[in-house]
Amino acid sequence: MASRTASLTPIEAAKRGDESAFELLLEPLLDQAYRLACGLLHDHQAAEDAVQEAAFKAWRKLPQLREGSAMRPWFFAIVANECRSVNRSRWSSVVRLVTPQRASEPQDEAIVEGIELRRTLRAMDEDKRLVLVLHWYLDLPVDEISAIVGISLRGTETRLLRATNELKRRMEAYRGRP
Amino acid sequence: MEDLSLRPEFHRALDAVAPPAPWLSDQVRRELRSRRQLLERRGWRRVRLGPVLRPRTQRFVGAVLILVLALAAVGASVAIYRYSHQPVPVRPHSGALVRECGQGSLYMVDANTGWHGTLRTTDGGTTWLDVAPPTPTGTVKGGGAVCALDSDRAWVTFGIGTIAYQPDHLAVMSTADGGQSWQQVASIAVGFPVSWRNNFSVEMNFFDVTHGWLLIEYAATPMMRVLFRTTDGGTSWTVVSSSAGLGLGDMAVGCSQNGMMFSSLERGWLAWDCSRGYGEDQTSNSSVIAFTNDGGRTWARMNLDSYPTGRTCTATTPVFTLTHGLLEVSCLGAGQGGWDAVYSTTDGGQNWAAHVLPMWTAVDLLDGNTAFYFEHVGQGNTLHRTGDQGQYWTVVAGGLFSGSTVGAFTFVDQSNGFASISSSAIPWWTHDGGKTWTAVGGHRQVGSLTCTLPSDRPSGPSVTGVMMVTSTTGWASGARRTTDGGATWLDTKPPQAKYSTSGYGNFFLDSVHAWVAESVGSQTACADHFVVYRTENGGSTWHEGAHVPIKVQGLDASDGSWSIRIFFLDTNHGWLRIAPIYGLAPVGEQGPLYRTVDGGRSWTFVASQTAQAANGCIGRGDFVFSSATTGWMSAGCGNGAPGPGLHILVTHDAGGTWALQSIVTNYCNIASFPDGCDAPLPIFFDDSRGWLFDPSGPRLLMTSDGGETWSVHGLPQLPTYACKGKFGEPETCSDQSVVSIGFINPDEGWAIIWQNSASRIVRMEQTVDGGRTWNPVSSNLIGSSALPDVAQGSLRFMDQTYGFLWTGSRLLKTVDGGQSWSEVQMKYR
Numbered sequence: 001m002a003s004r005t006a007s008l009t010p011i012e013a014a015k016r017g018d019e020s021a022f023e024l025l026l027e028p029l030l031d032q033a034y035r036l037a038c039g040l041l042h043d044h045q046a047a048e049d050a051v052q053e054a055a056f057k058a059w060r061k062l063p064q065l066r067e068g069s070a071m072r073p074w075f076f077a078i079v080a081n082e083c084r085s086v087n088r089s090r091w092s093s094v095v096r097l098v099t100p101q102r103a104s105e106p107q108d109e110a111i112v113e114g115i116e117l118r119r120t121l122r123a124m125d126e127d128k129r130l131v132l133v134l135h136w137y138l139d140l141p142v143d144e145i146s147a148i149v150g151i152s153l154r155g156t157e158t159r160l161l162r163a164t165n166e167l168k169r170r171m172e173a174y175r176g177r178p
Numbered sequence: 001m002e003d004l005s006l007r008p009e010f011h012r013a014l015d016a017v018a019p020p021a022p023w024l025s026d027q028v029r030r031e032l033r034s035r036r037q038l039l040e041r042r043g044w045r046r047v048r049l050g051p052v053l054r055p056r057t058q059r060f061v062g063a064v065l066i067l068v069l070a071l072a073a074v075g076a077s078v079a080i081y082r083y084s085h086q087p088v089p090v091r092p093h094s095g096a097l098v099r100e101c102g103q104g105s106l107y108m109v110d111a112n113t114g115w116h117g118t119l120r121t122t123d124g125g126t127t128w129l130d131v132a133p134p135t136p137t138g139t140v141k142g143g144g145a146v147c148a149l150d151s152d153r154a155w156v157t158f159g160i161g162t163i164a165y166q167p168d169h170l171a172v173m174s175t176a177d178g179g180q181s182w183q184q185v186a187s188i189a190v191g192f193p194v195s196w197r198n199n200f201s202v203e204m205n206f207f208d209v210t211h212g213w214l215l216i217e218y219a220a221t222p223m224m225r226v227l228f229r230t231t232d233g234g235t236s237w238t239v240v241s242s243s244a245g246l247g248l249g250d251m252a253v254g255c256s257q258n259g260m261m262f263s264s265l266e267r268g269w270l271a272w273d274c275s276r277g278y279g280e281d282q283t284s285n286s287s288v289i290a291f292t293n294d295g296g297r298t299w300a301r302m303n304l305d306s307y308p309t310g311r312t313c314t315a316t317t318p319v320f321t322l323t324h325g326l327l328e329v330s331c332l333g334a335g336q337g338g339w340d341a342v343y344s345t346t347d348g349g350q351n352w353a354a355h356v357l358p359m360w361t362a363v364d365l366l367d368g369n370t371a372f373y374f375e376h377v378g379q380g381n382t383l384h385r386t387g388d389q390g391q392y393w394t395v396v397a398g399g400l401f402s403g404s405t406v407g408a409f410t411f412v413d414q415s416n417g418f419a420s421i422s423s424s425a426i427p428w429w430t431h432d433g434g435k436t437w438t439a440v441g442g443h444r445q446v447g448s449l450t451c452t453l454p455s456d457r458p459s460g461p462s463v464t465g466v467m468m469v470t471s472t473t474g475w476a477s478g479a480r481r482t483t484d485g486g487a488t489w490l491d492t493k494p495p496q497a498k499y500s501t502s503g504y505g506n507f508f509l510d511s512v513h514a515w516v517a518e519s520v521g522s523q524t525a526c527a528d529h530f531v532v533y534r535t536e537n538g539g540s541t542w543h544e545g546a547h548v549p550i551k552v553q554g555l556d557a558s559d560g561s562w563s564i565r566i567f568f569l570d571t572n573h574g575w576l577r578i579a580p581i582y583g584l585a586p587v588g589e590q591g592p593l594y595r596t597v598d599g600g601r602s603w604t605f606v607a608s609q610t611a612q613a614a615n616g617c618i619g620r621g622d623f624v625f626s627s628a629t630t631g632w633m634s635a636g637c638g639n640g641a642p643g644p645g646l647h648i649l650v651t652h653d654a655g656g657t658w659a660l661q662s663i664v665t666n667y668c669n670i671a672s673f674p675d676g677c678d679a680p681l682p683i684f685f686d687d688s689r690g691w692l693f694d695p696s697g698p699r700l701l702m703t704s705d706g707g708e709t710w711s712v713h714g715l716p717q718l719p720t721y722a723c724k725g726k727f728g729e730p731e732t733c734s735d736q737s738v739v740s741i742g743f744i745n746p747d748e749g750w751a752i753i754w755q756n757s758a759s760r761i762v763r764m765e766q767t768v769d770g771g772r773t774w775n776p777v778s779s780n781l782i783g784s785s786a787l788p789d790v791a792q793g794s795l796r797f798m799d800q801t802y803g804f805l806w807t808g809s810r811l812l813k814t815v816d817g818g819q820s821w822s823e824v825q826m827k828y829r
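Taken in order, these protein sequences are the chains called A and B.
Start counting the first sequence at 1; every next residue gets the next number (our numbering).
Start counting the second sequence at 1; every next residue gets the next number (our numbering).
Don't take each hint at face value.
What follows is a set of in silico ranges between Cβ atoms, one per label pair, in the way DEER data are often shown [to be verified]:
hint, chain 1, residue 1, chain 2, residue 2, range
1, A, R84, B, Q414, 54 to 64 Å
2, A, R122, B, S704, 50 to 60 Å
3, A, R122, B, S306, 24 to 34 Å
Keep in mind that the hints were calculated from the coordinates and are not lab data.
Bear in mind that the values here come from a model prediction, so they are computed numbers and not experimental data.
Just so you know, even glycine gets a beta-carbon here, dropped at the ideal spot from N, CA and C.
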């Protein structure tokens, strides 16, 4: 930790237009934000664009960040919204074929598991996909997920539980379990 | 799919679509500045501009350049191919069968002995012991590989460095006695900088006890592949080939390594799995096997007949019986279903013939002539076998594992084998060549449920979770106990409860009093109770407490996996919190809290959803009590509600209700933790005096009024040093980490601090005034690079002279107040 003295906190300084303070706040979040976008979009180039766009929107909306609120859930919520926008524009003008494939025959689990989990995720609605990626991939605590998705802690737990159960059912159905 | 695999499955599946983006930070910064400048000129009108070349365009140009270079390399590749494709004699192995040594997959040497990574079984897979060597100093994630040659000989590698997934060299260790003892035999420099975890991998293969190869693959642009060879059992390694990508160019770029094997000292194979890796669509139309005929100096792609086009494929390395060999290729493709083939050779691998299989689920290659595959038919599975390299297949049995699919299976010999079934957490075995299969051990069936059996109860030779309580007596996880200062450890655990399931916790109060908690089931449930055993004589005898129903509201945890935390204030007052595990971690902070006032004989339900406080804070993890009524629990305070400060939950009614306590509000690095910090748990000397260390400050806090108020005490300070800032500008850095602190009373304590400067200072200091002043202790700990990984709370002094430091794998002891430390050689009996 380098010694720095400043009378303002980085958030306060960034809100007042200090660009380097904003970058200082943003930089530690970019890697996870990128992984979040990759987890939602499954397209790393689109994910990069989404994070970049979210960063710009975050800078413009920074004054809206409530006093005392955390930067990470706030920024991740913007990233998630950006990914929703990317998804909507992508499906309306398909660039490349990513049609989920329904397997017509059983296949080796070890070979298809990664692909199949991604397919299953893509088949689920955006809200459930978001909590699954936040919990199982980014390993965020439920209270922070609650802040990102904007619902109560209890509601988040319920959504996470239901989404996980749905994911399991879909995976099990694919794999031929009763 | 089992719950326990969900988190790693997510990481495997989504890491594959999150390739490295080390440029992202710079790219975002550049773009932000560029767009801000434009906005300043044009006002707040939304624009979308970028640098002269957008990142995608830059990558496109880069790809074109790579293509040009690749074309230039084609001529050289053709020459290499012609050279390497000339026939060479296959030198017979000392045994008839040659296959890849056991990597991470399950590898049975015979019907009794087998390996699964560093797990080893000697009873046919019923029980597995982790025989991994102690982790070498400086180990980081990434760079690990395992090669088990036979029942006794194995080699492992560890990545060594300072940053996870970016090892700068590899430590090679070997065992010749089935993992009872390990020796570090070599250190191999990686030789080039690496980053990101997905595209750095290590493969290791031993042909016999002396000859081995080790491949470092780093998927970058261009591909980096460096192959080493040893002829003395791994002691010395020389580079066989370091030509860019072994001369294979971008072959299998984006795919995961799937094995390396040598069938002779000259001929070897590399295989890749393109359904895994760090890209999604990167691998259609690409070969996935390469071979060498000159001991690894030159490599060429292996072109197979009938190889499908436009699909994503995976290959295994071959299995040989003398000159007869088999390998498997399986492919996926959008809208085309699966494709699978067994390839056979009769000339040591020069020519291969394809045998395309019908609908398949899993294939096993037993030797160079014999293979099996399961076909999913209706609700069941049919097992097929060939003994003539795939020309003719016969049905061994049909209707197997009805309603389930076979994930993977392995035959140990012509009669014995086992299979992983989708509906079972444990393997099923056959002893008649596959005609009949049975599940043995390791599970319990309750109706349609397969109950998870204990996997969290510490076992194996490694001693973990060491806590010394006197100069001679200590405990370790699993109720192991020492009475000779940590040299020998004896198993003193209580008998396992009937219907015991996953869910274990223990607590050691002093040299003789200890408690072990387990979750247990019944004939009708996997796990719906917990039971606590207590000992008052150091584990000589244990008393079984009452079986207490587990009450969890609104959560189905019928598969019976629990996380148990237990704490005792004294020999009578104790608390237990049990939380359902969903996946790999307790979820929902829903764990109920129970309390005992009679030493654990009986327990009463205290709170259903533990420690739900105001301000959005919830209790999680560990807890401590300083009196029969007052206790603390770690708090999770996301959502920004409480604001900056050091937060903890406190109860004054023995756990019934919990409230948020912000211990200090003007500390806790606001830049890093704008929501405040979750306080670590305090440690109390009695019901009024205690201390707490906040690593985020770092701050040492002390209380003398039972935790009502806390005052900041001092910590040792290391000198500042010159460093470079974010953009390379010179700065003065003052960072230091407090490795561990230990107090024997409110005044006397010790601290180990560490500084990540070039000289990596480690210093031990002592206080006799509660941390107000600290004085260096001349200690031989200085310079120990292993110390920064030590967990808080692992430094324990018994008095002014005796002390122990548990590093997580090593126990250090001092008898002179910390001046000299020596390692205790621990043995588990």
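Legend entry - Outcome of range test on Cβ distance (R122(A), S704(B); 50 to 60 Å): At roughly 58 Å between Cβ atoms, S704(B) and R122(A) fall inside 50 to 60 Å, so the hint holds.
message: Verify the CB-CB distance for R84(A) and Q414(B) against the hinted window 54 to 64 Å.
response: At 56 Å between Cβs, range holds.
Practice task
Indicate whether the distance between the beta carbons of R122(A) and S306(B) respects the range 24 to 34 Å.
Solution key: At 32 Å between Cβs, range holds.
Violated hints for the displayed structure: none, as all numbered hints are satisfied.
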